[in-house]
Amino acid sequence: MSEDKNIATDLWNYIDGNLSDKELLRVKNLLQEDEAWNSHYKRLLQLDILMKDELSMEEPSMRFTKNIMEQIKDLPVAPATKNYINAKIIFSIAFFFMLLIAGLLIYSFAQVNWSAPSSSSSSFIELFKPDPRKYFTPQAMHVFLMIDVVLGLMFLDRFLNRKKALKQQHT
Amino acid sequence: MFEGVISLFMHNATEDNEIICRVLKGDQQAFAGLVKGYRHFVFTIALRYTDNREDAEELAQDVFVKAYRSLADFRHQSKFSTWLYTIAANTCRSFLRKRKTVIHSLSDETTFNFVNSNGQGMSGDGQMAEPIAAMMNHSIGLLNADDATIITLFYKGDQSLEEIGQVMGITPNTAKVKLFRARQRLKEKLEKHFSGELKEIRQ
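Residue numbers (my numbering), protein chains in the order written: chain F, 1 to 171; chain D, 1 to 203.
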């Protein structure tokens, strides 16, 4: 069975013209000398010809093209994605997050006391128990709120612009 | 005659690109040229995924509407046909997922009935072409949708293994292996159900 499969693989590659010069010579010799190879080849070649010549395409209904043209009548071609997806922005965001992850990893490893005895796991636990008071200072909260306000204004601006554009389209 | 049939199904790349440019410039009616050029093939691909002609027609129409909507995204890095068939394959697969239908294959009984009703027609001397085509089309209907699609893309869609890989979302090497298996399965189906007809053709 496996030998048959190998013969079939070689013969299909021979029919498709995917063999190297060396393999091509080997298969040609086998086809001349071995009757089993030759009869197998004839069967596959017949199938190849049948698939090329006899497989037919199906015909859709007479209204097919008309239906499509009616469906797209009121549809505009959508703008190309490259026009509204800026690769530079995507890469900048990816770079920012990679930098953040790398920074966190470096910081975490720097905190580990590598010389500590293995039995004591307290330092390891402390590493993942950050003190929130250290990070949530009034200054950090002000910065956070400021970013939120700026983002909110940006979204409001976009929302109003879109609304204005829609209004113009309708009029 | 044969060349005429080929030209009916195949569009040349320059002609396609010209039509695409016209459509992108606002000549919507030019899109009908692309539909007419590829409707047979897209409809055939849809029929590989569903046995219902109405569903297949709806799917094929959906493929063309999607292609029209995203025409600006066609970057001419591949043939238009490869790009269109990728949309077709994805649309058909998502249709199957939504419907959760089992990929159709004809039962042995259906095939037996087909052989009985068509077998006699095979012996006619000048009338062989049509029954052979029917035999091939029925045999390909016995395969699963992906196998049938790969064979159709390779033999009738003028797609290389690299392009088939792109359409099916697989590597060219996987496409080669899948094409090999699909052809082997088709050979098995033909030998199982149409051995007499095959012998007759050989003679």
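Calculated from the structure, these hints are not laboratory results.
Backbone N, C-alpha and C fix where the C-beta goes; we use that ideal spot for every residue, glycine too.
Each hint should be verified, as a subset may be incorrect.
[To be verified] Derived pair list, reagent style EDC-like, types lysine to aspartate or glutamate, alpha-carbon separation capped at 16 Å: (1) D:Lys199 x D:Glu188; (2) D:Lys79 x D:Glu15; (3) D:Lys156 x D:Asp146; (4) D:Lys156 x F:Asp4; (5) F:Lys42 x D:Asp62; (6) F:Lys42 x D:Glu58; (7) F:Lys22 x F:Asp4; (8) F:Lys73 x D:Asp27; (9) F:Lys66 x D:Glu58; (10) D:Lys98 x D:Asp158; (11) D:Lys36 x D:Asp55; (12) D:Lys156 x F:Glu35; (13) D:Lys79 x D:Asp158; (14) F:Lys5 x D:Glu188; (15) D:Lys36 x F:Asp48; (16) D:Lys66 x F:Asp74; (17) D:Lys187 x F:Glu54; (18) F:Lys42 x F:Asp4; (19) F:Lys42 x F:Asp10; (20) D:Lys79 x D:Asp146; (21) F:Lys66 x D:Asp62; (22) D:Lys178 x D:Glu191; (23) D:Lys156 x F:Asp74; (24) D:Lys187 x F:Glu70; (25) D:Lys178 x F:Asp148; (26) D:Lys66 x F:Asp10.
[Unchecked claim] If the Cβ cut is set under 7 Å, some of the chain D residues that face chain F in the computed set are: (27) Cys21; (28) Glu58; (29) Arg69; (30) Thr86; (31) Phe95; (32) Leu96; (33) Pro131; (34) Met136; (35) His138; (36) Gly141; (37) Phe180.
Results of checking the hints against the structure:
1. With a C-alpha separation of about 14 Å, the suggested pair Lys199 (chain D) and Glu188 (chain D) falls inside the 16 Å cut-off, and the hint holds.
2. A C-alpha spacing of about 12 Å is found between Lys79 (chain D) and Glu15 (chain D), which places the hinted pair at or below 16 Å, so the restraint holds.
3. Between Lys156 (chain D) and Asp146 (chain D) the alpha-carbon distance is near 15 Å, which keeps this suggested pair within the 16 Å criterion.
4. A hinted pair counts as satisfied when its Cα atoms are at most 16 Å apart, and Lys156 (chain D) with Asp4 (chain F) does not qualify at roughly 27 Å.
5. Restraint check for Lys42 (chain F) and Asp62 (chain D): the C-alpha separation of about 42 Å exceeds 16 Å, so the hint is violated.
6. Between Lys42 (chain F) and Glu58 (chain D) the CA atoms are separated by roughly 41 Å; this puts the pair beyond 16 Å, and the hint is violated.
7. In summary, the hint linking Lys22 (chain F) to Asp4 (chain F) is not supported, as the alpha carbons are separated by about 21 Å, beyond the 16 Å threshold.
8. Between Lys73 (chain F) and Asp27 (chain D), the direct Cα distance comes to roughly 11 Å. Compliance with the 16 Å bound is thereby established for this hinted pair.
9. The suggested pairing of Lys66 (chain F) with Glu58 (chain D) holds, with an alpha-carbon distance near 13 Å, which does not exceed 16 Å.
10. Distance restraint check for Lys98 (chain D) and Asp158 (chain D): the Cα-Cα separation of roughly 29 Å exceeds the 16 Å cut-off, and the hinted pair is therefore not satisfied.
11. Of the supplied pair hints, the one linking Lys36 (chain D) and Asp55 (chain D) is violated, its CA atoms being roughly 19 Å apart against a limit of 16 Å.
12. Note on Lys156 (chain D) and Glu35 (chain F): the hinted pairing is violated, with a Cα-Cα distance of about 32 Å set against a maximum of 16 Å.
13. Note on Lys79 (chain D) and Asp158 (chain D): the hinted pairing holds, with a Cα-Cα distance of about 10 Å set against a maximum of 16 Å.
14. Simply put, Lys5 (chain F) and Glu188 (chain D) have alpha-carbon atoms about 13 Å apart, close enough for the 16 Å limit, and the pair holds.
15. Simply put, Lys36 (chain D) and Asp48 (chain F) have alpha-carbon atoms about 28 Å apart, too far for the 16 Å limit, and the pair is violated.
16. For the proposed pair Lys66 (chain D) and Asp74 (chain F), the alpha carbon gap of about 14 Å is at most 16 Å, so the pair holds.
17. With a CA separation close to 14 Å, the supplied pair Lys187 (chain D) and Glu54 (chain F) stays within the 16 Å bound.
18. Using a Cα cut-off of 16 Å, the hinted pair Lys42 (chain F) and Asp4 (chain F) holds, with the two alpha carbons roughly 14 Å apart.
19. Our distance criterion of 16 Å between C-alpha atoms is met by Lys42 (chain F) and Asp10 (chain F), whose separation comes to about 13 Å.
20. For the given pair, Lys79 (chain D) sits about 21 Å from Asp146 (chain D) by alpha-carbon distance, which is inconsistent with the 16 Å threshold.
21. Proposed proximity of Lys66 (chain F) and Asp62 (chain D) is supported: the alpha carbons are some 13 Å apart, at most 16 Å.
22. For the hint linking Lys178 (chain D) to Glu191 (chain D), the alpha-carbon distance of about 20 Å lies beyond 16 Å, and the restraint is violated.
23. Annotation: proposed proximity of Lys156 (chain D) to Asp74 (chain F) is violated, straight-line Cα distance about 33 Å (limit 16 Å).
24. For a cut-off of 16 Å, the pair hint linking Lys187 (chain D) to Glu70 (chain F) is broken: about 42 Å separates their Cα positions.
25. A threshold of 16 Å between alpha carbons decides the hint, and for Lys178 (chain D) with Asp148 (chain F) the separation of about 53 Å lies outside it, so the pair is violated.
26. The suggested pairing of Lys66 (chain D) with Asp10 (chain F) is violated, with an alpha-carbon distance near 40 Å, which exceeds 16 Å.
27. For Cys21 (chain D), the interface hint is violated, the least distance from its beta-carbon to any beta-carbon of chain F being 12 Å, above 7 Å.
28. Of the supplied interface hints, the one on Glu58 (chain D) is violated, with its beta-carbon coming no nearer than about 9 Å to a beta-carbon of chain F, more than 7 Å.
29. Taking 7 Å as the C-beta cut-off, the interface hint given for Arg69 (chain D) holds, the closest approach to chain F being about 5 Å.
30. The beta carbon of Thr86 (chain D) is not positioned within 7 Å of any beta carbon in chain F (closest approach about 15 Å), and the interface hint is therefore violated.
31. Violation of the interface hint for Phe95 (chain D) is found here, the shortest Cβ-Cβ separation to chain F being roughly 16 Å, above the 7 Å cut-off.
32. Residue-level restraint check for Leu96 (chain D) is violated (minimum Cβ-Cβ distance to chain F is 18 Å; threshold 7 Å).
33. Taken as an interface hint, Pro131 (chain D) does not check out: its beta carbon lies about 10 Å from the nearest beta carbon of chain F, beyond 7 Å.
34. Contact between Met136 (chain D) and chain F, as hinted, is supported at the beta carbon level, the nearest pair being about 4 Å apart and thus within 7 Å.
35. Taken as an interface hint, His138 (chain D) does not check out: its beta carbon lies about 11 Å from the nearest beta carbon of chain F, beyond 7 Å.
36. Because the beta carbon of Gly141 (chain D) sits about 11 Å from the nearest beta carbon in chain F, more than 7 Å, this interface hint is broken.
37. At about 6 Å, the closest approach between the beta carbon of Phe180 (chain D) and any beta carbon in chain F falls short of 7 Å, and the interface hint on this residue holds.
Checked against the numbered hints given earlier, this structure breaks hints 4, 5, 6, 7, 10, 11, 12, 15, 20, 22, 23, 24, 25, 26, 27, 28, 30, 31, 32, 33, 35, 36; the rest are met.
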